[in-house]
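Engineer: Next come the chains, spelled out residue by residue.
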Amino acid sequence: DGGITQSPKYLFRKEGQNVTLSCEQNLNHDAMYWYRQDPGQGLRLIYYSQIVNDFQKGDIAEGYSVSREKKESFPLTVTSAQKNPTAFYLCASSSINYGYTFGSGTRLTVV
Amino acid sequence: AQSVTQLGSHVSVSEGALVLLRCNYSSSVPPYLFWYVQYPNQGLQLLLKYTSAATLVKGINGFEAEFKKSETSFHLTKPSAHMSDAAEYFCAVSDAFQGAQKLVFGQGTRLTINP
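As they're listed, the protein sequences go chains A and B.
Using the numbering used here, you'd call the opening residue of the first sequence number -5 and step up by one each time.
Using the numbering used here, you'd call the opening residue of the second sequence number 0 and step up by one each time.
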């Protein structure tokens, strides 16, 4: 079955560490997105990519970085510059013929 | 800029009662509107979408929503609540329906169903 796979499901980060969240899709979708979810704040866009080797900042890109070297992969790195990284992170993809498909999320906790 | 406001962060109804979740939007262009449902520690699942066709949109699991341009609203309803409807619901707006669309989400409404 086609879909989006996010890994790991749970991730713990120490202060000052960079961590990378994985997002892989086999839907052949062109566009991919990263959202951050905090209680009571809905989902906020971090980065998005419309094609390979191109990506744009969303509303809260500071402290995050991404790459899009392959169509099916869009990893998100949470850097030490992100002062409050504890959150639920959702990856999504979309194509010209379909709406969004979301992954099942990664819950990141700073310890 | 587009925005979405969901009225009520928590809604509680009895099983079998009407479910009404409120969503108001702001958009400078004709909007595309969406309702998503999220179960704990999971991703979002599309319930229904408005894409400028019929103003009354029917979705999955017995939900429907009505687009009212004069009120800038897109409220979600279900005639009879079921225990399995307990989840968090998000309204979202976009200026595009397909392709690389950026969704702007409301803050969410947590629906509780009382037995």
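Treat the hints loosely; a few may be bogus.
Claimed, not checked - Ranges of calculated distance between the beta carbons of each label pair, as one might list FRET restraints:
| no. | chain 1 | residue 1 | chain 2 | residue 2 | range |
| --- | --- | --- | --- | --- | --- |
| 1 | B | Thr76 | A | Ser16 | 37 to 43 Å |
| 2 | B | Leu55 | A | Gln11 | 48 to 54 Å |
| 3 | B | Asn113 | A | Glu56 | 40 to 46 Å |
| 4 | B | Asn113 | A | Gly(-3) | 15 to 21 Å |
Since the hints were made in silico from the structure, they are not lab data.
Where is the CB? At the ideal position from N, CA and C, for every residue including glycine.
Engineer: For each hint, tell me whether it holds in the structure or not.
Structural biologist: Comparing the hints with the structure gives:
| no. | hint | verdict |
| --- | --- | --- |
| 1 | B:Thr76 with A:Ser16: 37 to 43 Å | 38 Å, holds |
| 2 | B:Leu55 with A:Gln11: 48 to 54 Å | 50 Å, holds |
| 3 | B:Asn113 with A:Glu56: 40 to 46 Å | 42 Å, holds |
| 4 | B:Asn113 with A:Gly(-3): 15 to 21 Å | 34 Å, violated |
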